[in-house]
Amino acid sequence: MAHIKQTPEQHEVVVIGSGAGGGTVAHVLTRMGIRVTLLEAGPMLNPLADFKEHLWPHDVDHRGAEEGGGVYFGRGEAFGHFNASAVKGGWTLEGEPYTVARGSDFLWFRSRVVGGRTNHYGRISLRFSDYDFNPHDRDGLGANWPISYEDLAPYYDKAEAFIGITGTREGIRSAPDGVFQPPPPPKAHELVIQQASHKLGIPCIAMRRAVITRPLNGRPACHYCGQCGRGCLTASNYSSSQVQIFPALETGKLKIIHSAMAREILTDARGRASGVVYIDKKSRTEKRIDCRVVVVAASACESARLLLNSRSGLFPNGLANGSGTVGRFLMDTVGLGMAGYVPSLENLPRYNTDGMSGAHLYMPWWQWEDQGRLGFPRGYHIEIGGGYNMPRVGDFHGAARRHGYGRKLKEQVRKEYGAFVRFAGRGEMIPNNLSYCEIDPEVVDRWGIPVLRFHFKWSDYEWKQARHMEKTFAALIESMGGKVIGLTSHFDRHGISVPGTIIHEVGTVRMGDNPQNSVLNGFCQSHEVENLLVCDGGTFVSNPDKNPTLTINALAWRASDYLAEEMRKGNV
Amino acid sequence: MSEHPPESEIRRPLTRRQMLEKIALALTATGAAPFEFAWGEHVHQAAREEKGETGAYQPKLFKPHEYRTIRRLAELIIPADEHSGSAVDGGAPEFIDLLCSQNPELADIYTGGLLWLDAQTRRQHGATFVDATEAQQASLLDRLVEEGDPEKMEAARATRYGASEDYQGFSTYRIDPVSDLAPGVRFFEWLRKMTVDAFYTSPIGIEDVGYQGNRAVGQYEVPESIIQEALRRSPFGGA
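For the protein sequence lines, the chains are A and B, in the order given. So the first sequence is numbered by this note's numbering: it starts at 1 and just counts up by one. So the second sequence is numbered by this note's numbering: it starts at 573 and just counts up by one.
Next comes chain A alone, as it looks inside the complex:
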């Protein structure tokens, strides 16, 4: 292929993607002295220039409403002007479309920058439970994982100890304890919510969040500005960029090629991965690098896309896709949010409720023993909200609508501020045959790369779970003497989150014992191509009610240890 510019250098391990999975692989391998080349589709992250930490809304003339008041016309950034997700990320990316099949609903949040979505994510860090690894044994649905909790537990330990996770030891089966830093104390309204949850028999415990409350590996402890979502200039929360990739650069073993959009993984005559073709976005030229090992960690759906686009004589259905399961079993998390108004919280003395960003308490799933009697399989956890938040554009539209104008409006805003509570359920979806992604045969992006087409359907299982959430949240609000205002998120349609909008999409490159119906073995290694690994949410067999990032970290860490050993033995 004469048009391809080939770099003469032979790379050792090429990692595609720099989020939780790619960042962990880069960190673990470089620490063991293995050379890593990291391809990232977006630019380098520069926290000092990119993060808007500590800015007040009035520090920008549009106050966060965006130029021309874009937010009033639905043209704002996904999580607000100040959020780090606005750094080269969003529900749509210019020039990089995806399509959704007729009759399906799916939104795909992508981030194109070093660190990916770990720069802005909620940082809730929950271990899977022991029972989460054999869901099929429990209720006959979905499939079992090829690994057990005991296999992964040492890597949860390593990941938690290195990243730094808050929490307390509780001995609750659905929420296994880990290596914890002390959590910050609960806020006043959270203690009222905790009373309500105890009344309903629901545990309400310290949040497990990737924020450090004690110094760790040279990172200073949290300064409690409550703005983790904006990105943290002191790296007191976890992002793969600041906690793994920047330190890995200092080892001299990591090379980053940014603005590099991987198009295809090349294979040699024996069917081994031999290199990667990518588009250099700055010059719009095609480049190729040769390497010994390829680790794909581009996010569940991007990884599936890359494999499906890597077709050859030996792999006519896409690389490592002899089973035909690449792209299948796409899952998101079941989401539902509800807001309530609690008069007893009106006019309390004000204090700083920012804390470590987000709630300091949460409710793990509590009915795992009643599973057969609930009318739906699996479970969910509950995230809570409330307090005296930094006023933002849009926060007082409801008050303006309800209270007219003048002195009365001002008085009402003062009274209502801090008296709202919010609950969000995050539940497990059962994989189904109608939810998957595939290559759209008609559309390429601006880099000439065929794009994904999504198919997605919630089933009755998810719908019934969302109804259970709705009843539980209403009961919580009412037991506090509050009034239900309604479902909160504008991503909730028809009483359940729009697929994709919880941004927990997983399952498209799943692992399993059987090469007939899975892509990877329990070490994230392709059944068919021994020097190809996938280390992101694509590997998930099920999507328990635990936010996926910590498990991506742990799986990637375990895969890296395995890979290093296989390389040492000369097997890879």
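You may find that some hints are simply not true.
[Claimed, not checked] Here are the computed lysine-lysine pairs in the DSS-like style, where the Cα-Cα straight-line distance is at most 30 Å:
no., chain 1, residue 1, chain 2, residue 2
1, A, K457, A, K415
2, A, K415, A, K483
3, A, K471, A, K457
4, A, K88, A, K282
5, A, K253, A, K282
6, A, K415, A, K158
7, A, K158, A, K282
8, B, K724, A, K415
9, B, K724, A, K483
10, A, K52, B, K632
11, A, K287, A, K158
12, B, K724, A, K408
13, A, K471, B, K724
14, A, K199, A, K52
15, A, K88, A, K281
If you're looking for bench data, these hints aren't it; they were derived computationally from the structure. If you're wondering where the values come from, they're calculated on a predicted model, not measured in any experiment.
Using the hints provided, position chain B relative to the given structure of chain A.
Here is chain B on its own, set in the frame of chain A:
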């Protein structure tokens, strides 16, 4: 590189960027140093100074009469009271003018809305809105609020549209007319939401509601007295 910067550089106020760089450096140097409150405060101070003080605001889009009307409306929506200043003090007119100057769609909503208001008061009282008496102004705005009552609008919507998904509610410009005041109802909704946005994101509004965060603290604490008060008032008693 000289060890001492020239005098002129020492005196120049630090920009937010420079301040953040200083903080980052300090943290790198000391590693485990607690992030001090004062640093966060410096960042804010620097950000304010960077914006600079510019004298009286010159509207970018609105004519003097239009701007005078917007100022009056902002003052009526969020008046000064014993707690805090008005939405004019909170910068609402500048905010509205700036955004309208950047967006013709928004500008049309405002220029059209203002002409509608003037036509309305001229018809009833022979004066433009801003020159009408306070009582006349209030009576018109009261009617716009009343006509725009969410429950009333919902009932009207249900009759007109049933469960149509085209209807998008408060934040859009698509409510079906329920009376000849409907254009004013919609315009006053725009005014109110942008006025509260500007006011409550201003230093005055933030102080008015009593938000106390966006600062760096060494140890996060919740006052025990507030916890006790919150629990005492709740249905759970002083648990």
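Outcome of the hint check:
{"no.": "1", "hint": "A:K457 / A:K415", "in the structure": "42 Å, violated"}
{"no.": "2", "hint": "A:K415 / A:K483", "in the structure": "15 Å, holds"}
{"no.": "3", "hint": "A:K471 / A:K457", "in the structure": "23 Å, holds"}
{"no.": "4", "hint": "A:K88 / A:K282", "in the structure": "15 Å, holds"}
{"no.": "5", "hint": "A:K253 / A:K282", "in the structure": "24 Å, holds"}
{"no.": "6", "hint": "A:K415 / A:K158", "in the structure": "46 Å, violated"}
{"no.": "7", "hint": "A:K158 / A:K282", "in the structure": "38 Å, violated"}
{"no.": "8", "hint": "B:K724 / A:K415", "in the structure": "25 Å, holds"}
{"no.": "9", "hint": "B:K724 / A:K483", "in the structure": "21 Å, holds"}
{"no.": "10", "hint": "A:K52 / B:K632", "in the structure": "27 Å, holds"}
{"no.": "11", "hint": "A:K287 / A:K158", "in the structure": "36 Å, violated"}
{"no.": "12", "hint": "B:K724 / A:K408", "in the structure": "20 Å, holds"}
{"no.": "13", "hint": "A:K471 / B:K724", "in the structure": "28 Å, holds"}
{"no.": "14", "hint": "A:K199 / A:K52", "in the structure": "40 Å, violated"}
{"no.": "15", "hint": "A:K88 / A:K281", "in the structure": "14 Å, holds"}
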